[in-house]
Structure formats: structure tokens, C-alpha cells
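Could you build the full structure based on these sequences and the hints that come with them?
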Amino acid sequence: MRLSPYWLKRRGFYLSALPILFFITLNAAQAEANNNVLGWIERAKIHPGGIQLDAKLDTGADNCSLHARNIEYFMKGNIEHVRFKVRNRRGEEATIEKPVYREASIKRVEGEAHIRPVIRMYVCVGSKYREVDVNLADRSDFSFPMLIGRSFLSGNAIVDSSRTYLQQPTCDFSFAE
Amino acid sequence: MSQLALLLMRTLIPGQRLNRVLSCFFLIGLFVAVVSISPAHADKDHPDKNIPNRLIVGWLEKVKIQKQDVVLHTRLDTGRSFSSIYSDSMKKIEKNGEEYIQFELNDRYGKHSTIEAPLVRTMSLRNHEGVSREAYVIQLGLCIGNYYMEDEVSFSSHPHLDQELILGRQSFEGQFIIDPSLSFTREPECD
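Protein sequence lines correspond, in order, to chains A and B.
In terms of our numbering, the first sequence is residues 1 to 177.
In terms of our numbering, the second sequence is residues 1 to 191.
Certain hints may be false.
Unchecked claim - To give an idea of the interface, some chain A residues facing chain B are shown, with a C-beta separation under 7 Å as derived from the structure:
id, residue
1, Trp40
2, Leu57
3, Thr59
4, Gly60
5, Arg150
6, Leu153
7, Ser154
8, Ile158
9, Val159
10, Ser161
11, Ser162
No wet-lab data here; the hints were simulated from the structure.
Ideal Cβ positions, reconstructed from N, Cα and C, are used throughout, including at glycine.
Next up, the structure:
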């Protein structure tokens, strides 16, 4: 009685599996390269704060913008800092303190300009993260607490405007503690 | 078939004692491998084919208006839902009992066009102070690369910062994927 087919014991059989295995890995790598496609709405994670926010990915915007409430300026050492609160749809809230990196005048279509603080923070969408300038805007009349512009997207992702929520933010910010 | 496989495998893996069944396996493996890699090879030089039926375009592109000479620098803006265009001279005209909007466009290449486009509807837009105004929405035939599409475009009252035309999600969703690191990837050439 034969326990297994004879060809299972032959080296040639396993050798023949090699090219298949090789090309399966190659195709997996190819699929990995395609995971830079994001929808026009994604979940973004910010650091510091560690909170997840719904973000609109906007190829028409230069920079990133965050809906911040209770913005307070204060001095720490000799450096001007800003303290603000961010809340997501689930009701989670984070208080963030950061030095003011610069100030930006946000121009609405009607022409009146607002001066808003800009901070540098880490933003993560999908598996990609980048430290970008984020201006703390009053986005209460917009549906999304965060807007991600080309300063984050360029080179990181391509945007499919027919889809939303394609990836979960998976970045580990432990290096930045 | 098995003879051929035997011969092939003997040349590829020397020093093996082989029989026909084994070499057939090898041949099948090789076949599967070639089939699985061939689309990947075809993709390499064509970013358009990475995702089937989707074109990868930059966030700025040149767009030609159908049957006109003007080529407009256009922003493909995933942050907006609708498209808009700016022109400081437009008037409503009537042709064969239907309403058209006649407007003038100058592009940055020195070309000039007088365009008549069918009026689709009139929108009432409200700005920040609560003042509402009427905005015409027209149907325009647009050409990006060699892709032709019909799009509803509204007139904006302010000139756009650097682009004459802005396309929103509604006009290109399902057709284009926007790569924000690219601009002007192709010249408009439609029949």
C-alpha cells in the first residue's frame, strides 16, 4: 500500500513549485504597491493627541487644516504655544499643546482674511504618515473636522473620488514620544 | 508534451533524475508563473493600467473645451463636489426656443473663444453673509488627455486663483484617480 503518491517524495515536485511561489510573492508585492489608493474621505490619526478623525482628502488644497476649539495662546519658556481641543464624531476629545510654528491668513472666497495659528504635527492616513503644517481653523460649518491637502498627499497617496474609507490608520507614533 | 517538458526541465535544472510526470508539473508551474506575471509586466510603463478603467491624472491638467481652441488650466479638486468656471462676460440667449449661455474665454496661450453652451438650470447660491445670487449651470464637453466627457459646470462670480476651470468630484468620480504629486500629465487630444 502506498501512503502517498510517489511524486510527493520527489525533489522535482518541490522544485516545480518554486517558480509558482516566486511569482505569487511578486504579485503580492505588486498589490502592496497599489495600496496607496485612498478614498476622498478617510480616517486620519493625529499625533500628538492620538485621536482618529474623519478627514476630507482635498487635492485642491495646499495644506492641512484641523477644526480646533478653545484655542488659547500661552508662553512656555520664550516660545509662544497654543492649546486647543479636538473632538471626533465618537465624542472622544483630545487636548493638544504645540508651539506656534507660524501664522497663516485664511482667505475665504468673499475675501476677508482670518489669521490662524499653524502648528506642525504628525498625520497618519492608511499606513502613511508625515509631519505637516496644520492650520487650526474654525471648521464648524464644514462636515469634516479635518482637511488633508497636497502637503500630505503628494507622493504619499493617490485619491479615488468615487470611494471612501478605504484604509484604517495603522501608524505607530511611539518613536515621536 | 511530456517529452518537451522533460527536455526543458533537464536544461533548466541539470543533475536531476527526472521523469515525465514531474517535468509536467514543472511546466505547469512555469506556465502559471508566466500567466501571473504578464499583466504586471504590461503595467510597468503605463500608470493608467494599474487600476482597471481608471486613469491616473495629476491635480492640474490641461482641458480643452469641445469644438473650441481654448485650452484651460484646470484643477481637479476632490474637495469640491461640483465644477465651476469663471468668465466676466456672459449673457443668456435663446436659440431654437432653448436657452443658451454665451460667454467669452481667453486662455493663457493667447487663444480666444466665444462659447455657446446649453443652460441646464439656474442655481441659487448663498454666500457667507447670506446674500444669495443666481448662478447659471451649463453643459460643457470637456477633453482631458484623450478622454472626453460631458460635465455640468457652474459660473463662479470670482476668478479662481490660478486656474480657469475647476473640476469637482462629481465630474470625474469613477473615471480618474488623482495623483497630487503630478501635474499636466497629458495634452488634450479628442476627436
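We went through each hint and held it up to the structure:
1. Trp40: Holds. Min distance 5 Å.
2. Leu57: Status holds, d = 6 Å.
3. Thr59: Constraint on Thr59/A satisfied, holds at 4 Å.
4. Gly60: Interface hint status for Gly60/A: holds (3 Å vs cutoff 7 Å).
5. Arg150: Result: holds, 4 Å to nearest chain B Cβ.
6. Leu153: Interface hint status for Leu153/A: holds (4 Å vs cutoff 7 Å).
7. Ser154: Check passed: Cβ of Ser154/A comes within 4 Å of chain B, closer than 7 Å.
8. Ile158: holds (4 Å)
9. Val159: This hint holds: Val159/A lies near chain B, its Cβ roughly 5 Å from the closest one there, short of 7 Å.
10. Ser161: holds (4 Å)
11. Ser162: The hint holds - Ser162/A has a Cβ within 7 Å of chain B, the shortest such distance being about 4 Å.
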